[in-house]
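Participant: The residues making up each chain are set out below.
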Amino acid sequence: MHGRVKVKSTAQQEEEKRKEREKKLKAFVSARDAVLRKRSAGEHDEEALQLTQQLLSSNPDFATLWNYRREVLLQLETSREKDEVQKLYESELHFIEACLKVNPKSYGCWHHRSWVNTRLPQPDWTRELGLCDRCLSLDERNFHCWDYRRVVVKESGVSVEQELQFTDRLIGSNFSNYSSWHYRSTLLPQLHPQPIHSHRVCEEQLLKEYELAHNAFFTDPNDQSAWFYYRWLLGRGVCVCIFNCLCQLCDLPPGSVSDISNEHNLTVHWTEKYTHRDCALYTGEHRERRSVACVCVCGRSELSVEKSSVLQAELQSCNQLLELEPQNKWCLLTIILLMRALDPLGHEKETLAHFQTLKEVDPMRSSYYSDLCSKFLIENTILKMEYAEVRVFSLSNKNLTTLCHLDQLLLVTHINLSSNQLLRLPPQFAMLQCLEVLEADDNAIESLEGLYHLPKLEEVSLRNNQICKLSDLESLASCTKLTRLDLRGNPVHKTANIDSELSQLLPLVTALSL
Amino acid sequence: MAAEDLPSQFDVVILGTGLTESVIAAACSRVGQSVLHLDRRNYYAGNWASFTFNGLLSWIEQYKNQQEVQITELEQVWRSLIDEGEDAVPLSALDSSISNLEVFCYASEEEEKEEEMKTPLSSFQPVNAETVSEEANGDSTEAHDTVTGDDTTASDAKTPNEEHEVSEPKEDQHTSDISEPSQSQEEKESQLSSSPADPPVEVQKKITYQKLVKEGRRFNIDLVSKLMYSRGALVDLLIKSNVSRYAEFKNIGRILTYRNGKVEQVPCSRADVFASKQLTVVEKRMLMKFLTFCLDFEQHPEEYQDYTEKPFREFLKNKKLTENLQHFILHSIAMVTQHTLTEEGLKATQHFLRCLGRYGNTPFLFPLYGLGEIPQCFCRMCAVFGGIYCLRHSVECLVVDKVSNKVKAVIDTRGQRISCSHFVVEDSYIRDEQRQSTAYRQISRAVLITDRSVLPSESDQQISMVTIPPLESSAPAVRMVELCSSSMTCMPGTYLVHLTCSSSGKAQEDLAPVISQLFHVSTIPGEEPSEGAEERSKPAVLWVMYFNMRDTSALDSSSYSLPSNVHVCTGPDDSLCSDYSIKLAESVFHHILPDEEFCPPAPNPEDIIYDGDGPQAEGPGFDESTNTEADKSLAEEEGNSEPAEMDSVTQQAPLDMTPASEE
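Quick note, the sequences are listed as chains A and B, same order.
The working numbering numbers the first residue of the first sequence as 6 and each following residue consecutively.
The working numbering numbers the first residue of the second sequence as 36 and each following residue consecutively.
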């Protein structure tokens, strides 16, 4: 049509582009070969700088060339005045900046920049900080830049306060950027250390930080950055991990423990400074040497009243959010953790209800929640047991999916795990050296690897489980006192000659139910 | 001279260089139509134009002088060009779309110490403020059906005295002013000096009228104040057509609102809500939740079904949002009235939210150097594709074929007959005889130069959009845009503030109450804010202009009795965005060329194939010399949009009638 602009067809454009690319490639390859020849000839001159510059500005990820450049620079440096050296390296910085525009995530570039700054007679850290800020404003998650920035901050002595303000700014512009929150978490203990535990943050500042986190998760409760930071804060103030336990098997010199009685109560000094815990001492019965299982059931570190009131307030905030967002998983999970920290037994019922909701709103992670719930239930039971000072551990019909904290049950003689959803008795089960009776009916147990060398174990009931093969039972042979075994309702009974095989495997078992 | 004689045939002749006309021009030219684009003014963009401060002062003068343009003698010339079987439809030579123009100046007239100019310009200031406004008033008494200032009440005895100043160019005005009012000036100065001396810092800060005039080129004052939704029709078109390459833009930094006597920031983005100090955490959640719902409210009809017939305001109440939040959402985010229905409110909110985050934390963009840049960008696009531009060049009448009742040609102001198959014209060129009704809506406008932001913050270089709900239930909601100097619309140290609302009366009546709430308006020019701390905290108004602009956006083709191939473009509407004008341009384009694409992307320069036959080969539509000339002229303008200096364009169309006589 008349007057219309004629435009090249796409095929034409493609062809032209292809030709151009070929030309570029040729030029690049020949330049590269020239540079490598120069390097092997040991030439360290201006020309080498120019050639590598050409190559690197189109491909800044060519590490060999950066290395060569460093060699050249070091060589040139020796023959120059200080002023000239400064100029030389400053122009190098300009060049790197241009390369960073090509690829802001080039390992070579950032590394070279750090190196240049170490060589520079008078480094200009302010400019470097400015560069970092510019880079981060373009891509706030560029970890190369974050790393480089840490170096710059350290070298230039930027105050921690300023850095904290820097994170304020970053978080203000986008609170979903966990890099900024994380950086904050490293700055706070430096700036506001707690009097005793210097790696923690003093309470006054903590309250401000809680508020910041509230603002973030009330604004967007589905954003995990703030929640992670919040949990870090909660973890700073109090020990959320309630049980602080150690289990040691150690050789004691003969005679240090009297043989007359089996059990001793000793005070043990732990390497961690502030913990003095009573623990029961129990002599082991290893065949060949006298050894002592030193068992500690540590008490939980009590929360100070002050901390409790803070936690209580935090729980209230979270409950407030939950009212608005009953389906929010981060909120539910945080509430569960707070309840655990405050009063695990008193909140048990609510915790279980929250776990139920969690599994519904986040079915992808329901197994994780089940495991976590199991862990908490076990902890609660241990706690109750501790108060009652009993040696019987019963957790039947609680939907347990996993076993943990077995290290704290070393003194238990009877365990009832019936009607749960356990798949296995893990190797740690072998720690229950005092265990006499195990009931684990109506689970889905396939593996018994934990029933191994349990010297006191006499009776095992595993009705209605998923034990399929005879080999699964082999570990039981190491339990020398085992006499009663109930295997009814397991697929293993279909095995040919099961009776004879079993009596061969476990000759000591007298009461076998199949 | 060949350059002065236009080709006698075009596909499309377009009269008026406002946004709609310019977009149509670009769209037609882009698909190969030959386009002649005219404007009777000596500047681009019509009522969409931006002026330097001095340019604005001459614009004010121009309106005042409009009645002097006599058209009657010219009629004879074009009469002879009408053949048998043709009718002539004359166009209006007068633009009556602006009215009630008032100007007041409050900047100090003090002389600046370092000024090399010896002339004591200082004195002219306060008087000038008066004269300008009065001049406007004076006009109206004489210019019967015009416009400049319809304030008939103000034709008092003073007018004749000052009449001579009015007609003279600005420079003379200064000197002529000095004689009398210098006296009063001295009085005032003595008053000032009698009061305890101001700290020297403040004296330095003070911006004098003289300074405004001297730095006048730094201003780009828009007649129409609009922002661009980052996902609105205009931005989409700029991107799609590649016209965006001709302009630069700045984000609107924040949205403010006036509430309970205070200016507050409206938290509208996620980052704002997070940082907001005035909202409780629960409010934050409620606001975010509501906004999230609005983003895809169509997916949850059960939430608002019961309210489709009820106002949005009631829906907000029902949602148990706090007073705070209701205000923010209704006035500042949805920007709707008390009576807007729920669904419309939800849509408005949704549009706002969808625009967030594309270019910044607010939904809006503003073109650097003013909104007047945008029509010019499209004109440039049109010129690049061969469109021919003449400013100060209009059309006298349309030649209509009696049989087909279609326009077959136009006769321009130089008496040349130019045939065309389509004629696009801006509404203000249409005579009342061709209208079905002459009752219009009006837009009230105020333009302020102030010394400070209405809400000072860390950065003084933010553009703020301020929503001001009706002060009384009968008053209109006012929209205010505060431009900082980095938007290239005002000199450093000042802010350019645009107020807009749909008129219920004269602009001054509509907007002065709002201005006095938000700003310090001194009673004596140059006076410092009085002792009251409250007054001190408000920004001071240095200069203010009020006017009404006709809002013809409600009109459509049925409102005019014109041939079917005449397409009337209505002027700017009173909404915040330009979507209306863009949609109109698109629909006119599709009327003209139903089978063509509207503004397809312009090809990259390197992909264009030039025939080897030299620039002339492509015919008049692609005359290289025309291109470069038009291009150059537009480029020059960008650097300096002062209308008076657009000579390179206007040269093509000299005002005198010599080309006509050559025929």
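Just so you know, the hints here were simulated from the structure itself, not pulled from any lab data.
Hints are not guaranteed to be accurate.
As a list, the in silico EDC-like pairs of lysine to aspartate or glutamate whose alpha-carbon atoms are at most 16 angstroms apart [said to hold, decoys possible]: (1) B:Lys312 - A:Glu216; (2) B:Lys354 - A:Asp228; (3) B:Lys324 - A:Glu216; (4) A:Lys403 - A:Glu454; (5) B:Lys312 - A:Asp228; (6) A:Lys13 - B:Glu299; (7) B:Lys355 - A:Asp228; (8) B:Lys312 - A:Asp446; (9) A:Lys22 - B:Glu641; (10) B:Lys324 - A:Asp446; (11) A:Lys13 - B:Asp122; (12) A:Lys22 - B:Glu119; (13) B:Lys324 - A:Asp228; (14) B:Lys324 - A:Glu328.
Away from chain B, derived, C-beta distances all over 12 angstroms, residues of chain A [said to hold, decoys possible]: (15) Lys13; (16) Glu21; (17) Gly177; (18) Ala221.
Ideal placement from N, C-alpha and C gives every residue a C-beta, glycine not left out.
Participant: Look at each hint and say if it fits the structure.
Facilitator: Right, here's what the structure says about each hint:
This hinted pair checks out: Lys312 of chain B and Glu216 of chain A have alpha carbons roughly 11 angstroms apart, not beyond 16 angstroms. Distance hint between Lys354 of chain B and Asp228 of chain A is unfulfilled; the C-alpha atoms sit about 24 angstroms from each other, more than 16 angstroms. Among the hinted pairs, Lys324 of chain B with Glu216 of chain A is inconsistent with the structure: their alpha-carbon atoms are about 20 angstroms apart, more than 16 angstroms. For the hint pairing Lys403 of chain A with Glu454 of chain A, the CA-to-CA distance comes to about 23 angstroms; that exceeds 16 angstroms, so the pair is violated.
Between the alpha carbons of Lys312 of chain B and Asp228 of chain A the distance comes to roughly 20 angstroms, so the proposed pair goes past 16 angstroms and is violated. The straight-line distance between the Cα atoms of Lys13 of chain A and Glu299 of chain B is roughly 54 angstroms, outside the 16 angstroms bound, and the hint therefore fails. Note on Lys355 of chain B and Asp228 of chain A: the hinted pairing is violated, with a Cα-Cα distance of about 25 angstroms set against a maximum of 16 angstroms. Distance hint between Lys312 of chain B and Asp446 of chain A is unfulfilled; the C-alpha atoms sit about 58 angstroms from each other, more than 16 angstroms.
A distance of roughly 12 angstroms separates the Cα atoms of Lys22 of chain A and Glu641 of chain B; the hinted pair therefore holds under the 16 angstroms criterion. Taking the CA atoms of Lys324 of chain B and Asp446 of chain A, the gap is about 48 angstroms. The hint is violated against a cut of 16 angstroms. Taking the CA atoms of Lys13 of chain A and Asp122 of chain B, the gap is about 46 angstroms. The hint is violated against a cut of 16 angstroms. A threshold of 16 angstroms between alpha carbons decides the hint, and for Lys22 of chain A with Glu119 of chain B the separation of about 60 angstroms lies outside it, so the pair is violated.
As the CA atoms of Lys324 of chain B and Asp228 of chain A are separated by approximately 14 angstroms, the hinted pair is consistent with the 16 angstroms bound. The straight-line distance between the Cα atoms of Lys324 of chain B and Glu328 of chain A is roughly 13 angstroms, inside the 16 angstroms bound, and the hint therefore holds. Listed as outside the interface, Lys13 of chain A is inconsistent with that label: its C-beta sits roughly 5 angstroms from the nearest C-beta of chain B, within the 12 angstroms cut-off. Distance to chain B contradicts Glu21 of chain A as a non-interface residue, since its nearest Cβ pair spans about 9 angstroms, not more than 12 angstroms.
Taking the minimum C-beta to C-beta distance to chain B, about 5 angstroms, the non-interface status of Gly177 of chain A is violated against the 12 angstroms cut. Consistency note on Ala221 of chain A: stated as away from chain B, yet its beta-carbon is not over 12 angstroms from all of that chain's, at 6 angstroms minimum.
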